Amino acid sequence: MKKVRISNTPITTEAELSTLAGIGGGALSSFTGIVRDDGGVTAIELEHYPSMTEACLSRVIEAATARWSLLGAVVTHRVGIVPVGDPVVVVGAASLHRAEALEATAFLIDRLKTDAPFWKREHYADGTAKWVEAKLSDDTRSERWA
Amino acid sequence: MKKVRISNTPITTEAELSTLAGIGGGALSSFTGIVRDDGGVTAIELEHYPSMTEACLSRVIEAATARWSLLGAVVTHRVGIVPVGDPVVVVGAASLHRAEALEATAFLIDRLKTDAPFWKREHYADGTAKWVEAKLSDDTRSERWA
Amino acid sequence: MKLVYFASVREAIGLSSEDRDIPYGARTVGDFVVWLRGQSQGHAVALDDLSRLRFALDQNMVTADALLVDGEELAIFPPVTGG
Amino acid sequence: MKLVYFASVREAIGLSSEDRDIPYGARTVGDFVVWLRGQSQGHAVALDDLSRLRFALDQNMVTADALLVDGEELAIFPPVTGG
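Protein chains in written order, with my numbering: chain A, 1 to 146; chain B, 147 to 292; chain C, 293 to 375; chain D, 376 to 458.
Since the hints were derived computationally from the structure, they do not count as laboratory data.
None of the values given here were measured: they were computed from a predicted structure.
Hints may be right or wrong, so weigh each one.
[To be verified] Straight line, CA to CA, 30 Å or less: simulated BS3-like cross-link-like pairs of lysine-lysine: (1) A:Lys2 with A:Lys135; (2) C:Lys294 with A:Lys130; (3) B:Lys276 with B:Lys148; (4) A:Lys130 with A:Lys2; (5) B:Lys276 with D:Lys377.
Kindly produce the complete structure, drawing on both the sequences and the hints.
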């Protein structure tokens with residue numbers, strides 16, 4: 001079971017993981033990225049490259065399933081305006097034993113951060129907005145899977 | 147926020163993680179162990195050492211929060227009879243950035259497996275039952291955090 | 293060729309996309325982008341530093357030295373920041 | 376001293392717990408466990424192989440060479456299998 005979803009409406013960890021949870025594996029691991037109230041941020045806005053995004057995320061999932069023995073993997077990403085406290089991204093992996101699910105989860109989010117065409121803009125209480133700068137640490141984490 | 151819970155009634159990933167999800171961190175990671183239909187297993191039965199269990203799990207959480215900068219961590223473990231498909235254990239960690247939550251989640255479940263006084267018995271469709279043997283691979287995974 | 297822009301590049305140029313013929317002599321993505329700088333003040337600002345830009349040719353990430361041959365859509369954007 | 380048994384050890388001995396005086400000369404957990412083997416056929420089977428047993432003295436995991444002094448509760452069980 002491999003599932004990629006781009007959503008312009010609110011997402012929840014449990015809804016995105018529900019299929020994985022019932023897949024029959026002993027191990028289910030997940031990561032949820034949540035909008036943080038970082039220095040007055042009220043929301044983030046996510047732009048993406050529609051004709052490319054889904055294929056990129058599918059390639060990340062394919063790479064994970066090629067690398068680990070997984071029963072399933074999901075990646076769901078919000079686009080549009082996401083208020084503080086709401087999930088931006090949910091990734092999850094199911095496997096028979098825990099090592100595979102845990103490692104694949106870290107891989108999915110690390111690779112998504114560097115490979116998928118999303119851009120974040122932070123909105124502040126005073127009405128201003130600022131594009132988020134890419135972090136070198138994300139490249140480093142993504143490259144350790146190479 | 148550090149929470150340990152031993153439950154003799156069904157648990158769900160989402161309920162155990164709900165506090166962590168609202169804690170204000172940008173990163174929430176979790177692992178759920180689910181009873182697997184492994185060669186005719188219908189349920190597992192979990193015995194534990196009540197006067198010791200909670201303290202052991204608290205020490206595992208303390209070790210995680212000493213090692214990583216976490217906003218919160220939870221460990222919930224079922225005891226009693228748990229049917230195939232139901233969660234046995236849920237661990238989760240919240241942090242500002244993803245590396246900490248992801249690593250702490252792996253640490254929590256790896257250490258729980260070797261340090262906490264739980265014993266599993268598999269029940270089969272034919273009415274027989276068998277104690278699960280400890281796995282050397284669990285020791286190996288736990289020791290890599292030493 | 294169809295050019296598509298995202299995030300800060302889109303904002304600086306003031307366009308989501310535009311159609312441009314590949315200029316004479318431009319063989320690589322980088323050649324094309326350097327030429328685009330001359331098209332407006334916005335292009336000049338947005339495309340000033342190749343090292344801070346990323347490119348996708350027909351929806352595949354490429355580097356500035358990728359050949360343009362047969363490409364139909366070139367996307368130009370800052371490093372991605374999803375997740 | 377209170378002895379508590381879990382899982383396959385509990386089943387083989389047929390008791391969840393019992394009170395036993397520490398026998399003369401037993402200084403360590405291992406000494407006590409070796410002596411316990413003589414108490415019944417169940418004890419003999421359950422406690423046959425020290426290397427396959429784990430111990431907790433007053434709810435702290437210890438090895439067989441831990442001293443019994445001042446301990447109030449000794450738990451004997453197989454390697455844990457939770458999670």
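Hey, lysine 276 of chain B versus lysine 148 of chain B, does the alpha-carbon distance stay inside 30 Å? Given pair lysine 276 of chain B, lysine 148 of chain B is violated - Cα atoms ~34 Å apart, limit 30 Å.
Next pair to validate is lysine 2 of chain A with lysine 135 of chain A; report whether the Cα-Cα distance is within 30 Å. Distance ~28 Å between lysine 2 of chain A and lysine 135 of chain A Cα, so the pair holds.
Regarding the pair lysine 294 of chain C and lysine 130 of chain A, is the alpha-carbon distance no greater than 30 Å? 27 Å, holds
Take a quick look at whether lysine 276 of chain B and lysine 377 of chain D sit within 30 Å of each other, Cα to Cα. Judged against 30 Å, a Cα distance of about 27 Å means the pair holds.
Regarding the pair lysine 130 of chain A and lysine 2 of chain A, is the alpha-carbon distance no greater than 30 Å? 34 Å, violated
Hints 3 and 4, counting from the list given before, are not met by this structure.
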